[in-house]
Each structure stands twice: as C-alpha cells, then as structure tokens.
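So the protein lines, in turn, are chains A and B.
For the first sequence, the working numbering assigns the number 325 to the last residue and increments by one with no breaks.
For the second sequence, the working numbering assigns the number 325 to the last residue and increments by one with no breaks.
Be aware that a few hints might be false.
[Claimed, not checked] Some chain A residues flagged as far from chain B (calculated, every beta-carbon gap over 10 Å):
hint, residue
1, Asp44
2, Asp74
3, Gly154
4, His243
5, His262
6, Ala294
7, Lys299
[Stated by the list, open to error] Here are a few chain B residues that face chain A, going by a calculated C-beta distance under 10 Å:
hint, residue
8, His95
9, Arg131
10, Lys263
11, Met266
12, Arg288
13, Thr303
[As the list claims (entries may be wrong)] With a straight-line cut-off of 25 Å between C-alpha atoms, the simulated DMTMM-like cross-links for lysine to aspartate or glutamate are:
hint, chain 1, residue 1, chain 2, residue 2
14, A, Lys263, B, Glu20
15, A, Lys81, A, Asp60
16, A, Lys96, B, Asp238
Just so you know, the hints here were simulated from the structure itself, not pulled from any lab data.
C-beta atoms are modelled at their ideal positions from N, C-alpha and C, and glycine is treated no differently.
There are 2 protein chains.
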Amino acid sequence: MYSKIRVGIVGYGNLGKGVELALNNNPDFELIGIFTRRNIDDIDSNSNIISFNKVLDYKDKIDVMFLCGGSAKDLPEQCPKLAEHFNTIDSYDNHKNIPNYFNMIDNIAKKSNKVSLISVGWDPGLFSLNRLLAQTIFPNGQCYTFWGKGVSQGHSDAIRRIKGVKNAVQYTIPSEKTIEEIKAGKNPSLKKEDMHKRVCYVVPYDFEDKDRIEKEIKSMPNYFQGFDTTVHFITEEDLIKNHSKMPHGGRVIGTGTTNKKHKHVMEFSLSLEDNPEFTASVVVAFARAIYRLALDGKKGAFTVFDIPLGYLSPKTGEELRKELL
Amino acid sequence: MYSKIRVGIVGYGNLGKGVELALNNNPDFELIGIFTRRNIDDIDSNSNIISFNKVLDYKDKIDVMFLCGGSAKDLPEQCPKLAEHFNTIDSYDNHKNIPNYFNMIDNIAKKSNKVSLISVGWDPGLFSLNRLLAQTIFPNGQCYTFWGKGVSQGHSDAIRRIKGVKNAVQYTIPSEKTIEEIKAGKNPSLKKEDMHKRVCYVVPYDFEDKDRIEKEIKSMPNYFQGFDTTVHFITEEDLIKNHSKMPHGGRVIGTGTTNKKHKHVMEFSLSLEDNPEFTASVVVAFARAIYRLALDGKKGAFTVFDIPLGYLSPKTGEELRKELL
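Chain A extracted, bound-state conformation (with noise of 0.2 Å):
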C-alpha cells in the first residue's frame, strides 16, 4: 500500500540488534544502514554499518530512525540532535521522567517538522495502553502492574555497585498469592513490596563477604527493604552458564464492577524469553505509525496514546477490517 519505509538504526546494542533481526520479518521495510560510535570494523553484521559522524549525510534518506540508545545517557543526548532532521522512534524507559523528555523532543521535532514517537515497548508502550484501557473502561476499578519473572537490569546493577561484588543478576518474581487474590476480586491494596519477590544470583570476589553483602543487599531502600528477598552466591561460571539469558513479562490486569455485583476481570500478559529481541519486535511495528502520521503531515512528540493500532499494520484498513475485526 506504500513504498518501502526506509529506515535507520542507531546504537548497536541489545536493542538495535533486536531490531535489525525484526525488520528481516517485516518486507515492507528497507534498512539503509546501522550507525555506530563505535569502530565500524569492530561491528560483526551483514548490514550496512556507518560511522555516526555521517548520520546527517542521510537526512534526506531515511524516513524512520530507530533510537536504541539507553535511557540514562543516550537517548537524552542524542534524540533531541536526531529530532532536528529525522522521524525518531525510541523506547526510553525513565517513567518519572517521560513527562520532560517528551516536551523537550516535542518542541524539537515541532520546529523541525518530524515526528518523533517516544517510549514504544512493553512497559512502558503495550502495558500503558492496558492501563489506559483498564482505568477507561472500569472508571471505578482497580488496575494493577506485575513484573517478571525476569531480570530487572537496574536492581541487578544495584547490587553490583555493592562493595564486594564482581557480578550479580537479580529476579523479580511476581507474587503469584496476590494475583490470585486480585483475579477472585478482593481488590486488595498493595503496598509495592507485596506485589514482588526478588531473588538474586551474587558473584563474590571473596566468599568469606557473603554475610556482609546479604545483609547490604537486604537492606537497600527503595530497592530490596522490605521485599522477600532471597540472594544466592555463585560462581562466575554458574552465573555465566545459567543467568545470561534475559527473560520477562508480566501482566497488567483491571477489574470492576458493574451493577454493584457483577465483577470483571481483564488482564493483558507477556512471557518473553529475550526482553531486548520482543521490544524490538514492537517497535518496529510501532515505525509504520510514524511513517503514517509523518504522510499525514503531523509533526511533534507522539506516544502510544496517539497511535491509531491500524497504523502499526502494513495492511489497508479494508483488509484489516474483513481479516481481524
């Protein structure tokens, strides 16, 4: 229904490798090359690799560029320069502070006449649209969020800045009791520590520190006090061999009531066996809807809020509505 979305991706780390194997699924894209700080003789893929000095070589020849930078340094730095002559799709991922980062790139893409689509993945990007749904739907319900089992790269980098630690990964495990709960319609109120275990695989340089570290691990605030947690000491070697996979999911499930008695209960779920390579996966469908609404002349900051789901599809809405509706 249209010529091949042309696009670019830039940084090439877990993320950007997800996306270079996802638009291999997808035909109606056209990867014109991977833009890398790094050496670009360092780089193994059969892509086209470009140094990032060159990035603006290819203004007029690309018309998505996927930002796969991390949230905490790249994204900040380099979405706003790439917003001032691309269409950019991100996945950044700092909740607190989605709020500034989208003003900041919507002002930038406004005056520049881009569209830039921020915070596309699973949390945020499809769980949000389940809040969304849940809170709209059932305007006197509850909704609630449940991460994992998975890896959380922030609490397992939490314990590696532990004196001590040469690695660590650390699991959040949702409480399986309370969702039972929620589903059977209780609407408990949580406190965040109920909702999640943590168990965690520790790397000492020294074995003779396992109490010292424990103790530290258990009674970091914000991270680990207060939550069941559970840490395990390990070799480098079991680590390595049994924990370098990086699994996840979760659910968001709403309920309500209708009638003061008839109960409902919605849940949306993921079991992901690579987080980076399924995020991915969806921000690639997620680049057709800026290549739309850039043909629909938009220009400014979107989120997943402002994406009609039939843009995500390379079908014309006939063939959508005959096929899946």
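Start from chain A and add chain B according to the hints.
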C-alpha cells in the same frame, strides 16, 4: 478538558441498560434521553424516556448516539437512518458482514458530515485490537482466539429452534489442553472443533423426546457437529434459577519466535460476570473517541483500528503521559 458530552441511547435491551448504567460512572457524559419504539409508559427507568418517533427533534441536542439494537435486524435498519443526522456508535457483531456494513455507513456519514464508530465491544473490539497487535508484532507467528466460558446466544437460539425444545442455554468452553499446548510454544494446527467444548442445558416440552433432541443437537452442522458436546435435560425452573446469568469471556493468544530460538507469548483475556454490561462499559469509553473525532472535523465510518486509545480517556495527553505511560 471539554464540556459534557451529550448522548442518547436507542434501544433499551440488555446493552442499552448497560450503557445507561455505565454512564453513571462517567461524569463527563450527560444522558439526554433513551429512545424506544415501545410504549414509553411501559419502561421502568429514571432516565428521560422518549418515543423513537421524536428522535429527529434531538438532532442538535445530542453529540453521540449509542445504537444498542441487535445486529441481525435493528442496526442495519437504524444506523443508516441515524447516521444521516447523528454521530453514532454501535456494537455490530455480524463479523462476516462487517465490510459491507462499514461501507454502507461510511457513504452515509461522509455525506452527512457525521462520524460513526462501528463494531465496538470486546469481539469485535478489544479482541480485534489484540489480534492486530499479535499479527504486527509477530509477523511470522500464530494468533488464536478462544471464547468462554460463556453463554453463546447463537448456539442457544439454534437449540431452541429444534422441535420439542421449550428453552435452552449453551455454554462455550475453551479447551484448556489446547491452550496449554499453545502457551508451551507447540504452535498446534487446530480445527475449530478442537478449540472449544459445548455444554447445553435443554428444557424439553416432553422428557420422552430427550434422545431425539440430543441426537439432533449433536448432528447440527456448523454449530455442534464434530464438537465435544454434552447435553443436560433440566426443568425450566432449574434453567431460570441456575442459567439466567450472562457470563462470558475469552482470550486472544499471540505467539512468536525471535532469533529462531526465543519464544514469546502475548495474551489478552477477559472473565466477565455480565457480558452486555461489560460491552456497554467498553462502548461508553469509545464514545469519547467519537466525540473527539467529530471535534477534529473527521467524517465517515471508523472502527477500533482507527482510534488513538488516548481518545478513550477524559484525561489530557499530559495527564496520561505522567500517570500511565
């Protein structure tokens, strides 16, 4: 963020009553009246009940009209007439005829400069959106829809048409074994008969006809033939006491693989104690979108695929980004 949305309801069956109820929970709507072809004195409601004959007197007093009639006869007759004068929303659910229905309404609404959102609810509706997400995120994946446990009106009606049947209720029950296989990533290739079981509660005029009726049910093509079907014969008293509720639900399961070896499962599920009341809650949320589309100057027919989900909420984009993203 905007003045109250003035709405009317056409048709006061289960869905119309559900919309009336849902509007109570959504203070940004104002119910102007419920239009009925029945004698208005026969209707038990605290709302303003108005004869359908007077509906055109309300052309400029109603922003969105909820069409709550049935898909077989009411909507194909009423929607074309009302779309000439009102923005409308309906839950037309005759899946096979949706393309024709859409085209008919689209032509009318484009001429009248009105907006009509068709086929809103959970299937078609929320399930359709999740089928679209599955198909676009997993372009080489699989997507399965299961219904139940719940009452199927179509199957109940089919049994009632059998000679000697006084009343009947049919429950559609998804096959848990099949669902487990799907979630385990086995990608089963399924006949529709493998996906659901059918359990029937039948009130015969004469219990001596049991064997013939059971045989007729089980051999009915399209509806029961080939399905795992169980038939229970009960008294009308039992049917009214134990099978008068309208529970339903179901799930859409999307599965896909990335990098050949990583499996992912995405699932959207509903468990509803009252099907029409939940459907009404969905329809009311989507009515906000109709109002917004009309304010945006749009015209013609639309489906859930065309709606940015942020339009379902009374909150501003800024509030949504801060609270839900």
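Satisfaction of the Thr303 of chain B interface hint, Cβ to chain A closer than 10 Å: For Thr303 of chain B, the interface hint holds, since the closest Cβ of chain A sits about 6 Å away, which is under 10 Å.
Does His262 of chain A clear chain B by more than 10 Å, comparing its Cβ with all Cβ atoms of that chain? violated, 4 Å
Quickly compare the C-alpha distance for Lys81 of chain A and Asp60 of chain A to 25 Å and report which way the hint goes. Holds. Lys81 of chain A to Asp60 of chain A sits at ~16 Å (cutoff 25 Å).
Checking a non-interface call: every C-beta of chain B should be farther than 10 Å from the C-beta of His243 of chain A. Is that right? For His243 of chain A, whose nearest Cβ neighbour in chain B is about 16 Å away, the distance exceeds 10 Å, so it holds.
Tell me if the interface restraint on His95 of chain B is satisfied: Cβ within less than 10 Å of some Cβ in chain A. holds, 7 Å
Need the status of pair Lys96 of chain A, Asp238 of chain B: alpha-carbon distance at most 25 Å? This hinted pair is violated, its Cα atoms lying about 55 Å apart.
For the hint on Arg288 of chain B, does the least C-beta distance to chain A fall short of 10 Å? holds, 8 Å
Assertion that Asp74 of chain A lies farther than 10 Å from chain B (Cβ): holds, 19 Å
Nearest-CB test (10 Å) between chain B and Lys299 of chain A: With a cut-off of 10 Å, Lys299 of chain A remains clear of chain B, as the shortest Cβ separation is near 15 Å.
Hint status (Cβ of Met266 of chain B to nearest Cβ of chain A, threshold 10 Å): Holds - the Cβ of Met266 of chain B comes within 10 Å of chain A, reaching about 6 Å at its closest.
Over 10 Å to the closest beta carbon of chain B is the bar; see if Gly154 of chain A clears it. holds, 18 Å
Holds or violated: is the Cβ of Ala294 of chain A farther than 10 Å from all Cβ atoms of chain B? The claim stands: Ala294 of chain A keeps its Cβ more than 10 Å from every Cβ of chain B (closest is about 16 Å).
When the structure is compared with the earlier hints, violations turn up for hints 5, 16 and for no others.
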